[in-house]
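Student: Oh and the sequence shown: position 38 is 372 in our numbering, straight run, nothing missing.
Note that these hints are calculated values from the structure, not bench results.
The structure displayed is predicted, hence computed values, not measured ones.
One thing to keep in mind: the hints can contain errors.
Using 25 Å as the maximum straight-line C-alpha spacing, the simulated SDA-like pairs for lysine to any residue come out as follows [stated by the list, open to error]:
no., residue 1, residue 2
1, K343, I371
2, K343, W389
3, K375, T393
4, K375, L339
5, K343, F384
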Amino acid sequence: MNTELNWFKSSRSEPPGPGGSQGCVEAATLEGEGIAIRDSKEPGGSVLRFSGTAWSAFTSMTRSDTP
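All chains, please: the whole structure from these sequences, using the hints.
Tutor: Right, dumping it as structure tokens:
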């Protein structure tokens with residue numbers, strides 16, 4: 335299932351290698367509404383799935399100055 339999705343990383347991710355990050359969070363848009371998240375170091379590992387509403391709430395909170 336993980337290989338069927340179009341996974342992408344942030345443009346701010348550092349490339350792997352000396353001085354760079356060896357892993358990053360990858361995301362994929364799900365059919366319908368939602369997003370899947372995984373660890374790029376373990377592409378065959380666990381995937382977290384969020385509804386569009388839940389993902390919007392999460393990203394809004396990460397950008398917010400208030401808890």
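Student: A separate judgement is required for each hint: does it hold in the structure or not?
Tutor: To see whether the hints hold, each was checked on the structure:
Distance restraint check for K343 and I371: the Cα-Cα separation of roughly 10 Å lies within the 25 Å cut-off, and the hinted pair is therefore satisfied. Of the supplied pair hints, the one linking K343 and W389 holds, its CA atoms being roughly 16 Å apart against a limit of 25 Å. For a cut-off of 25 Å, the pair hint linking K375 to T393 stands: about 22 Å separates their Cα positions. A hinted pair counts as satisfied when its Cα atoms are at most 25 Å apart, and K375 with L339 qualifies at roughly 16 Å.
Taken as a hint, the K343 and F384 pair is honoured in the structure, with Cα atoms around 17 Å apart against an allowance of 25 Å.
In terms of the numbered hints stated before, the structure departs from none.
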